[in-house]
Amino acid sequence: MFSYILKRVVSTALVCILLIIFLSLLIHIVPGDPAKTILGPRATPELIEKIHTEMGLDKTPFQQITGFFLNALHGDLGTDVFTGRPITEMIMDVFPHSLILTTASLLLAVLLGIPLGIFSATHPNTIGDRILAFLSISFITIPSYVVALIFLLIFSAHLRIFPVIGLGSSGNVGDYIMHLIIPALVLSLSWVGYLARLVRTSLLEVLNETYITAERSMGIKNRTLLFRLALKNALIPTVAVLGVGLGKMLAGTVFVEIIFSRPGMGTLIMKAIQNRNYPVVQGVSLIIALWFVFANLLADIINTRLDPRIQIGKTER
Amino acid sequence: MRKKKNSEIGVLSQLVKTPSGLIGTIIIALLLITAIFAPILSPYDFSTQNISERLSGPTSEHHLGTDHLGRDLLSRIIYGTRIALKVAIPAVIISLFIGVLLGLIAGYFGGIIDYIIIIILDTIQSLPSIVLALVMLTLLGPSLTNLIVVMGLTLFPGYSRVVRAQVMSARQELYVDAEKALGAKPLRIIAGHILPNVVPAVIILSTMDLPAVITIEAGLSFLGMGVRPPSPSWGVILNDGFSHFRQSPWPIITAGAALAITTFGFTLFGESLRDILDPKMSGMDS
Amino acid sequence: SKEKESAAQKDGPKILKVRINADIKNLDPARRYSRWDDVISATIFDGLVSYKANSYDIENVLAEKFEISEDGHEIYFKLREGVQFQKGAGEVTAEDVKFSYERFRDEKTASAYSDDWANLDHVEVISKYEGKIILTEPFAPLMRTTLPLNSGVIVPKNYIEKVGLDGFTTDVIGCGPYYIDEWQPDQKVVVKKNPDYYGKAPYWDEIQFIVISDNQSAEIALQAGEVDFAEISTNTVDTFKDNPDFGITSNSDLDYRWIGLNVENPKLQDVNVRKAIRAAANVPDMITAAYNGMVEQETAIVAPGLLGYWADAPKYTQDLDKAKEYMAAAGIDSLDLEIAVADTSEYRVWAEVLQQNLKEIGINLEINSMESGTFWEIGDGDKGKDVELFAMAFQMQPDPSWATMWFTSDQVGIWNWMRWANPEFDELHKQGLSETDDQKRQVIYEKMQKLMDDDAVAIWVTNGKTYFAYNAKKCSPAMTPNNSLQFRFFSAAK
Amino acid sequence: MKTNEHSSNVLQVSELDLCYRTRSMMLPALSGINFSINRGEIVGVVGESGCGKSSLSYAVNGLLPKNGQITNGSISFKGEEVISPDNSSISSLWGNEISMIFQDPMTSLNPVFSIEEQIMTAIQAQVSFNGDSNSEKREKMLKMLERVGIPDAEKHIKKYPHQFSGGMRQRIMIAIALLAQPSLLIADEPTSALDVTLEAQINDLILKLTKEMGTSVLYITHDLGVVAQICDRVMVMYAGQIVENGSVQKIFAEPKHPYTRALLEVHPGRAAGSRRLHTIKGRVPGLNALPEGCRFASRCDYSTEECEKISPAESGDVNNFVRCHNPLSGAVPEAETSNKEQNILENNKEDELIIDAEGVKVQFPINVSLTDRLNGKKPEVLRAVDGIDIKLSQGEVLALVGESGSGKTTAGRCLLRLNDPAEGSINLKGNDITNLKERALRPLRAKVQMIFQDSISSLSPRRKISTLLLEPFKIHGVKVDNPKAKVKSLLEKVGLSNEHAGKYPHQLSGGQARRVSIARALALEPDILIADEPTAGLDVSVAAGILNLLKDLKEELGLTYIIITHDLNIINYTADRVAVMYLGQFVEMAPAYKLFENPLHPYTEALLSAVSIPDPSLRGTTQRIILEGEIPDPANPPNGCPFNPRCRYSQEICKKEKPQFKAVSDDSEHLTACHFPVIKNS
Ligand SMILES: Nc1ncnc2c1ncn2[C@@H]1O[C@H](COP(=O)(O)OP(=O)(O)OP(=O)(O)O)[C@@H](O)[C@H]1O
Ligand SMILES: Nc1ncnc2c1ncn2[C@@H]1O[C@H](COP(=O)(O)OP(=O)(O)OP(=O)(O)O)[C@@H](O)[C@H]1O
Ligand SMILES: [Mg+2]
Ligand SMILES: [Mg+2]
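Residue numbers (the working numbering), protein chains in the order written: chain A, 7 to 323; chain B, 19 to 304; chain C, 924 to 1417; chain D, 3 to 684.
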């Protein structure tokens, strides 16, 4: 366990270093100047120079990279030149919102997708199964931004059942949840389809295993067999996939956050890219990468709980 | 050569036997036809503007209505098919090429080379592809070619991983030992015995990647980072439509539907293909 | 439920919810970046003078007395006594005035607005409440744009010296009608009524500025009652106009937006080519397509209603025959050109319409739409020589010098992307800055605009027009003619 | 007698037909099955692969695959009909009255639950424990586990299946199956995935427990030797029919059906020292092409015209019949033997050693966790091969035998440098290849070939057989003038027809695949051939064919062989010399006939006694030595003599001192590593 984690830490560190090198190099080749992008004609040469110095753009890439890491080790990702806010703080402000959104949508997906998958697996090739299969693929394939656009109009402009813009008033949990429902639903849709299919396939596979036949021959009733003995096996691949889903949360949230005007990691990095706000891009990317690694680690650990055969540390990285 | 053709026909005929394979194949065939015969099929030039007729709903002249510049939406959607495929196919080919090569190298040689490649893949994959594509497009500037290159570069780790895993497991296989025992050189083993085992997985992955690329391309165009106007990318139509939704929902509805149907078709096709090719190439029987 | 709402408002605090398009970056008046920094800091800070509600007329605010010397070199002021900064940061004194203005010229402040105080020599403190602003030269824009706006507000010297520059970015302290209560980055900024305000208390107890970057979302939020006041896109004006629950207010912007032609580019060196392009361009179509026809066509760089507006400027509409004549005069019948645009829907539409227009006179226009960061660099230095056409918009303050300053020859390679260098224009610009007589200035600026027109360096598109929609049952807005929102003057529904 | 029979009758199957639905047609997997099982009776079912043995067990226990369908007949359990459309009446018997043991213990336990959870779930479901409290149930579970030979059950039940060895898992399965003391146990080849020694242990256990509980057993196997040892009655199946049914004594003494007789004849246990093994020509017909008349007719030496036209009926009682037009009589004749001793002497030309390996060791690194390493633990190795000498002269056949995991395969691979030796030297045909670079080794590879344990997976799956057969020539740059003819001749050499040339490996049967890999190995006419388990997993008849082939090839080409096997039965027939391996070391080496006559090492002695011989009269007569326990973990071998923990002669010294590998008598050909060799007093 310990050596496993150490290994993970080392490769995570390597990934982060490579990522930051990549981003730092990018900064030096990418056209576009942060000062001009934000200020337009107001950007005087002195001001541009000052902003460059503050962003550390005058240093060599090597100095930038080492400096960045030395600070990052102390949890300091630099400051946003334009607002003077620590980037760590900026990220910590929005990160929970993205996290809640992703978790909520994954939770929704689990609550809907797994039962649907079980239904399909226990009724293979029936009409219900076929309809579910069709729906699942549709859910998986329709791009999230198309769904988001359509939900935005249906729910907010026409039905007005749910508020959809922003996070709701702060401190009001009920309002926050109301604002969360539609975005989470949009994000979860493809996961519902995905999980339903995944659970169906793996459950069907498990139900064909000899040990299930053996257990049936021991007189164990179908219900126990399905929900206690087979499902645990079938959930192993699901957990791994959910881990990846959690890790890749940003991919989905970018669009949803933009369309529903929610602050979050997606909107933060999107704006930072547009404004050429390099320190913010770097900081956010680093956190995203770390989060990705963390989520996968989490899934691995959960899987070792589910599957005693997997010995953490013996598995390939 | 003739044998090979036979086997391809075999796969195809198996594909159209299942309902989902049939639907997928039909959709893809229609897409290809639409893309190839776009000039014949589209009633108008996709870029001709008619400001006075802007944002009209479906009429007898414009079957799907017009956009904010009064251009015929049907024609734009039809030409959009070309763009979707023009980006998706080369991008998938690029990522396939890089991915397979790196995967083979990593899987066969293992050790430190493998570790380095894996770290590179991890790095690329630790950022979501949309973000990575955004960052890289910022560097290169949005254009069709850059879009293709960027998509290729963001997606190749998927192939590398699959190929690497396959090669690693193939390397454990007895037949590799058997070849070695016969005195075969590494190149012969990789090219002659390991690669053919990787091909089905790669084919499946690439048919699954096509809709992903189309989705990301349209997404990037929606964010304003995609192809140049007046190219009628579906994402561009969505983006323009989003600004004028109150006046006419048709741009969003049509482009959204085109995207959804396309990705749906490719996914069905890919999955049916996987069912046939995996795990054993039973379709290869003569 | 509407009744309930208003009933609740009678009891509780009166809260106004306003959509802002982007989050604030820095509320320090000297280091503000964006329009929303301006709008919000305007509720927190007071200056010596300010615009009256809904007008460009100036009234005294912090100043009890305010006098400009004959030669325009000195401005005397006397402050009201006993005005307190918020949050116990002390009384407003002449020292604060000196500090507030002089810091604009201080390199450490690195103010993007240092030009607002271009001719400031120093501020002389006469007594605790009295002082003099000493200028090196008379400076016409001072009274129009510097003093009544954010560059003229007073900040607490002692407090800033205590917390340092980094402590005065979003957690600012002024002496205006509102103080900053809370900032949730990317979500909202909340200001609350300053209980110790010396002037007339504003109507709203609390104003929440809610960040919604996307117009569509903002419109939905407005309809859903999630905000009370929001900028809306020209495309949806009709929807709100037809709805009695909402009020619409609009004002033409001062910004100027144009398609520039680079005179140094070999393809565009011939003035006939440029004129041909100008004649072929169908600006009304652009306006229909990009703004749903809800804005006016711009004829010259200075907006209507401003000093220096050129009323007789020619208004170009598409004239293909003329365009072909110019082409013939230039001796070409076909040409490949490229237009660079930042990738927003607005500019793309212009470019697409122009593309179609130019096709008719044999010019093939390629649209090079780029991401804004990249776009802002293309005119830099010698690189700028390769630019052909470009779409651009500059912001403007209510003084004509703000428009002309970017097109002098020393701006070539910086902001003068047309690379148009005209010594006469340069000279006139200098004169316009130091001339204090409005009539004389009018003549100067009209002449400058004519020079630009003669050389056909730009196709003016529009000054823009901003539309705001608001909950007509709840509030009634106030703003200067150039759309500077005056939240301190917002009132209850009329 | 009749009434008695009825009351003691546990299972009664009559006129049972079973079909599998496939896309193209209904496959009749079982037709006209009649038999019954009496209380406490152990009934064996034998037959080649694909004859429907498993299908029979599915039909009886109601665990038919989805496409399986009983189309006719009845099954009654203790007088009650159990065939019902939804399986409900039979499923209520599962676990309580009928229970199962499956072939592969590796896949028959749920991998994600601990043993305790699995057994408890089963107990909760079984009615016979309804009255018990949880602690009573647990108590019973522990007792049962102790009974099947899991010591310290309390400690082990917390473990997960993968933490047990195959033998242990099969014991656990038996414990679960017998928990509720069912009336009928169905065991489908419960030992075919296990070693000989484990097979003996498990069969003994089944025999002992079921006799104690009075449980009847339907025991499916393909090994007549096992039947002879434990069954009361045997049913011989062929192509979905029971062709002969009768008591073990009778059938082994006087098989009536030609198929039964053929099965007995090909059994390698009978073939010791024979010149040539019997085989049965042809293959079991596919279910989609069953012949009209007797299904065995095409392979039968005695078939007549009648046989080909008319399907024979059962003649005799329910449990004592034969399905044949011309039943045979009399015993199976003894196999002819040849003089082994002479063979050896002819071949033994000491002067020129073609294989000369000395002190070879092969080690695999073991992952030591970083924490352990930080705590000062050194990285360890698993000594798969721990110092063996192999010296072979031209034309000699050496057999390597030993339990699974003893290092046989690794030893073979090492000679080919597929695994690199950690120590020792390897000399092939006078070339020292111990440290030779792969590039330099390549030319030599043409002359030294290996047939791998798992033939199908040793053939590249996406290449046609013809391509695979021509590949050796391509690799070594040998020009082939007429590739087609070459392929044909190679296939013919191993007894295959040219029709296989266009197939892919997965389209071949196990025996065919093995032949193809032999053909491939022989393509370049090597001098040395290492055959790893050449008959494992094959039907006896097919295995016999392969062994005959190897023998023919040796005589034709003068090959030098190393045959790796754990099946002692085949050694006697093929090998000149035998080396017995245990934990990576040789414990005994001798000419084959001497080893069989006089095993010196207790391990060899036990291995030999575990060999199944298809002769029920031997039951109880020879004293069977059943080896206790299992082979220790090679990463952590015992001190002293590696065999000492399982040895029945073990003394103090064995635990401390490792015995030398040397000749104990004056016979320099017979070496052993034992402090107390078993020297017969003859
Ligand atoms: N589910 C099925 N669908 C179709 N055919 C089947 C199915 N299961 C078995 N068969 C066929 O039925 C025949 C009998 O198979 P069965 O498994 O009963 O044989 P067996 O005697 O147990 O063989 P083995 O010794 O290999 O286990 C074979 O020809 C097999 O191919
Ligand atoms: N590549 C390897 N890495 C690690 N350990 C191995 C490897 N190959 C074999 N071993 C171990 O070496 C020991 C001997 O294995 P080997 O396969 O040589 O035994 P065997 O006698 O051929 O057994 P079987 O009869 O099961 O084929 C076993 O404990 C096995 O687990
Ligand atoms: Mg079977
Ligand atoms: Mg082996």
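Just so you know, the hints here were simulated from the structure itself, not pulled from any lab data.
Any given hint could be a false lead.
Restricting the straight-line Cα-Cα distance to at most 20 Å, the calculated cross-link-like pairs of lysine to any residue (SDA-like) are [as the list claims (entries may be wrong)]:
{"#": "1", "chain 1": "C", "residue 1": "Lys1373", "chain 2": "C", "residue 2": "Asp1235"}
{"#": "2", "chain 1": "B", "residue 1": "Lys203", "chain 2": "D", "residue 2": "Glu440"}
{"#": "3", "chain 1": "D", "residue 1": "Lys476", "chain 2": "B", "residue 2": "Gly210"}
{"#": "4", "chain 1": "B", "residue 1": "Lys35", "chain 2": "A", "residue 2": "Asp135"}
{"#": "5", "chain 1": "D", "residue 1": "Lys486", "chain 2": "D", "residue 2": "Glu501"}
{"#": "6", "chain 1": "D", "residue 1": "Lys68", "chain 2": "A", "residue 2": "Thr59"}
Label pairs and their in silico Cβ distance ranges [unchecked claim]:
{"#": "7", "chain 1": "B", "residue 1": "Ile279", "chain 2": "C", "residue 2": "Gly1285", "range": "37 to 45 Å"}
{"#": "8", "chain 1": "D", "residue 1": "Pro67", "chain 2": "B", "residue 2": "Leu157", "range": "53 to 61 Å"}
{"#": "9", "chain 1": "C", "residue 1": "Ser992", "chain 2": "A", "residue 2": "His80", "range": "54 to 62 Å"}
{"#": "10", "chain 1": "D", "residue 1": "Pro367", "chain 2": "B", "residue 2": "Phe115", "range": "32 to 40 Å"}
{"#": "11", "chain 1": "D", "residue 1": "Lys488", "chain 2": "A", "residue 2": "Phe125", "range": "28 to 36 Å"}
{"#": "12", "chain 1": "D", "residue 1": "Asn328", "chain 2": "B", "residue 2": "Ala209", "range": "54 to 62 Å"}
{"#": "13", "chain 1": "C", "residue 1": "Gly1285", "chain 2": "A", "residue 2": "Thr59", "range": "18 to 26 Å"}
{"#": "14", "chain 1": "A", "residue 1": "Glu95", "chain 2": "B", "residue 2": "Pro76", "range": "47 to 55 Å"}
{"#": "15", "chain 1": "D", "residue 1": "Pro367", "chain 2": "A", "residue 2": "Thr59", "range": "49 to 57 Å"}
{"#": "16", "chain 1": "A", "residue 1": "Lys227", "chain 2": "D", "residue 2": "Ile368", "range": "37 to 45 Å"}
{"#": "17", "chain 1": "B", "residue 1": "Phe55", "chain 2": "A", "residue 2": "Gly134", "range": "54 to 62 Å"}
{"#": "18", "chain 1": "D", "residue 1": "Glu148", "chain 2": "A", "residue 2": "Phe125", "range": "42 to 50 Å"}
Note that beta-carbon positions come from the ideal geometry of N, C-alpha and C, so glycine has one too.
Q. Which numbered hints are broken by the structure, listed smallest first?
A. Hints 6, 11, 13 and 17 contradicted; others consistent.
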